[in-house]
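What follows is each chain in one-letter form.
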Amino acid sequence: MNLLRIENLSISSRNNQGEKLSIIDNLSIQMNSGEILGLVGESGSGKSILALAIMGLVSQHIEVKADYFSLDGQDLMKLSHSQRSKYISSKASMIFQEPRTNLNPCYSIERHLDEVINIHQNLSHHKRKELSLELLLSVGVNDPEIILKRYPHQLSNGMCQRVAIAVALACKPKLLIADEPTTDLDVTIQSQILDLLIKLNMTEQLGLILITHDFALLSESTDKIGVIYSGKLMEHAESKSILKKPRHPYTQALIGSIPQLGKRHQSGSRLVTLDGHIPSNEQLPVGCRLGPRCPVATRQCVKPPELHLIADHGYVRCHRADESADITKGI
Amino acid sequence: MIKIILNQFANLLLSLFGLSLLSFLLSLLFPTDTIYSYQQTNLFEKYWFYLNQIISLEWGTSLIHGRNVFNDFILNLPATIELIFFAFAFAAIIGIPLGVWSAQHKFSYKDKTVLFGSLMGYSLPIYWWASILVLFFSVSLGLTPVAGRIGFEYEIQPVTGFILIDSLISDTPYKIDAFYNALKHLFLPAVVLGTVPMAIFVRITRSAMIDVLSSDFIRAAKSRGLAHHKVLWHHALRNVMLPVLTAMSIQISVLLTGILITEIIFSWPGIGKWLLEAVHRRDYATIHGGILAMSSLVIITNMVIQVVSHYFNPELRFKR
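If you read the protein sequences in the order shown, they are chains A and B.
If you count the first sequence from 1, position 309 lands on 310 in the working numbering, and the numbers rise without skipping.
If you count the second sequence from 1, position 102 lands on 176 in the working numbering, and the numbers rise without skipping.
Note that these hints are calculated values from the structure, not bench results.
In this text, all values refer to a predicted model and were calculated from it rather than measured experimentally.
Quick reminder that beta carbons are idealized off the backbone N, C-alpha and C, glycines included.
Be a bit skeptical, because a hint or two may be false.
[Claimed, not checked] Some chain A residues near chain B, calculated using beta-carbon distances under 7 Å:
no., residue
1, Leu58
2, Val59
3, Ile63
4, Ser90
5, Phe97
6, Asn103
The whole structure should be built from the sequences, with the hints applied where relevant.
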């Protein structure tokens with residue numbers, strides 16, 4: 002069964018002149034329960050707003066449209082506003098980039114956990130505390146009794162992120178959205194947090210959306226990867242085939258930009274970079290959004306490409322996907 | 075918590091010591107001796123005697139009517155505290171929710187109206203605002219009395235000095251009427267005195283609220299399914315209270331000075347009126363005692379707010 006299915010999601014805002022600016026354009030994505038979906042793209046590509054849209058947290062000035070939007074089998078568009086936010090909060094939760102900003106600085110960890118458990122499960126005070134301790138243990142906090150009494154400013158970044166995950170799990174979600182969960186952490190803590198998320202995915206059958214700009218983070222752990230550029234889904238396929246043979250020039254560039262260490266490093270080789278910047282949503286290029294930056298662009302790229310289904314791979318939005326042009330060889 | 079209070083108390087003693095030094099130096103400038111006398115020859119002896127007198131609450135006698143200055147101060151204090159309390163309550167109860175409401179509708183016409191109103195309130199001269207309110211409420215509508223603490227037809231025995239409490243605990247048959255009458259008398263001065271702090275609370279609450287509402291932990295709280303009012307009035311307001319408390323501690327000192335004008339306008343028998351009359355009569359002993367008392371009040375209330383803000387801010391309570 003599909004845990005999450007979104008068809009043709011469009012998100013747009015208006016600038017001061019009242020013109021419509023597209024942030025996400027006709028994006029369709031689906032994932033099954035218990036899967037890990039990686040969403041990759043550079044800053045400003047619309048990954049975070051996609052996560053907020055799934056959680057229903059987009060501010061009121063931003064317009065969100067979709068043809069179909071379901072979470073755990075329930076069509077969200079049939080629910081009223083208050084029903085929807087209640088339903089989403091019981092099925093999905095989210096952790097944000099900076100660990101410290103996940104938690105209210107004025108509340109103790111116990112209060113955070115207690116509050117959420119109180120909303121979603123009807124338990125006595127004593128049971129709630131027991132459950133809080135269990136949750137903290139399950140995210141790898143060794144001394145939950147002490148941590149429970151602490152305030153966010155007394156914890157390290159890594160510990161804050163663990164607690165944030167525990168608070169997110171207190172809703173008993175089926176989907177956990179992690180928006181760059183490891184960006185602010187140092188490398189050893191990064192791998193610990195990532196291992197924790199993957200372990201939770203295995204043990205609790207928790208669907209996981211990992212949003213990142215770092216392909217290296219996704220490599221082995223994810224089932225599927227979606228590559229987003231400038232609000233459009235560029236490539237969406239099994240992570241094995243994307244990592245083995247990326248079809249879209251943008252995906253190729255992203256993978257090419259991962260530094261290779263040790264034996265894999267060829268001396269004198271440079272990292273692949275694309276010239277230019279991601280286009281601002283006030284000045285989108287004609288045709289393919291990657292067009293002006295794409296090293297293998299041809300004349301046909303002035304027409305906007307569709308998502309092609311490629312056999313044994315997945316969806317790719319490129320005119321030249323079949324030819325399997327490889328930019329890393331071209332440079 | 076006890077450690078914090080003790081710590082603040084030590085701070086308080088230090089500030090009061092500094093204050094006594096300053097007020098002693100000031101009293102040297104007075105043309106007459108207020109507390110010390112010619113018996114002490116050098117400055118240190120004079121100060122030592124002065125300090126002893128201050129601590130044993132012998133603040134000298136008024137040069138005009140010969141009463142003990144400290145007793146006079148205690149007699150006038152309850153009226154002022156009553157007025158400040160209600161002015162402050164008015165400012166906080168109207169100002170903080172208005173700021174929250176304004177932040178929720180930020181940049182809309184509602185927000186702009188509130189901001190414009192608070193700018194007006196902030197820049198109003200108190201005496202002008204007082205006379206406008208008196209003209210409207212007392213002269214045109216006849217709803218409130220013009221001056222004083224209670225109507226002359228009621229006779230209330232002072233027990234605590236707070237007229238609202240005294241009228242309720244008195245055993246006169248008209249005690250409820252007297253209470254309402256005192257409340258009516260309190261209304262205009264409290265509104266006049268509370269207008270400027272209210273405008274400031276609105277602005278500070280609004281800007282802090284806009285800041286807090288856009289932070290991630292508010293989004294995270296919403297994503298966990300917390301009801302909107304809980305997110306706003308618990309999670310957000312708790313964080314907003316920190317800057318508001320700082321503003322409050324500044325506003326208390328402003329109120330204590332603002333009270334001079336308000337008490338004169340409404341002939342409110344409090345410290346402000348007492349002190350200003352002493353100034354007119356060159357009653358140096360009273361001036362000295364009044365200044366000492368007012369400054370001590372400012373220091374003490376600031377310390378109390380410090381302790382309260384320790385309660386609100388866990389980062390102060392628990393060091394890393």
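### Task
Return the status of the interface hint for A/Ser90: holds when the least beta-carbon distance to chain B is below 7 Å, violated otherwise.
3 Å, holds
### Query
Taking the closest Cβ pair, is A/Ile63 under 7 Å from chain B?
Interface hint status for A/Ile63: violated (14 Å vs cutoff 7 Å).
### Query
When the nearest CB of chain B is found for A/Leu58, is that gap smaller than 7 Å?
5 Å, holds
### Message
Checking hints one by one. Is A/Phe97 an interface residue toward chain B, by the C-beta closer than 7 Å rule?
### Response
5 Å, holds
### Task
Would you check whether A/Asn103 satisfies its interface hint, that is, whether its CB is within less than 7 Å of any CB in chain B?
At about 5 Å, which falls below the 7 Å cut-off, the nearest Cβ of chain B leaves the hint on A/Asn103 intact, so it holds.
### Message
A closest beta-carbon separation below 7 Å is what the hint needs, so does A/Val59 meet it against chain B?
### Response
10 Å, violated
In the structure shown, a violation is registered for the earlier hints numbered 2 and 3, in ascending order.
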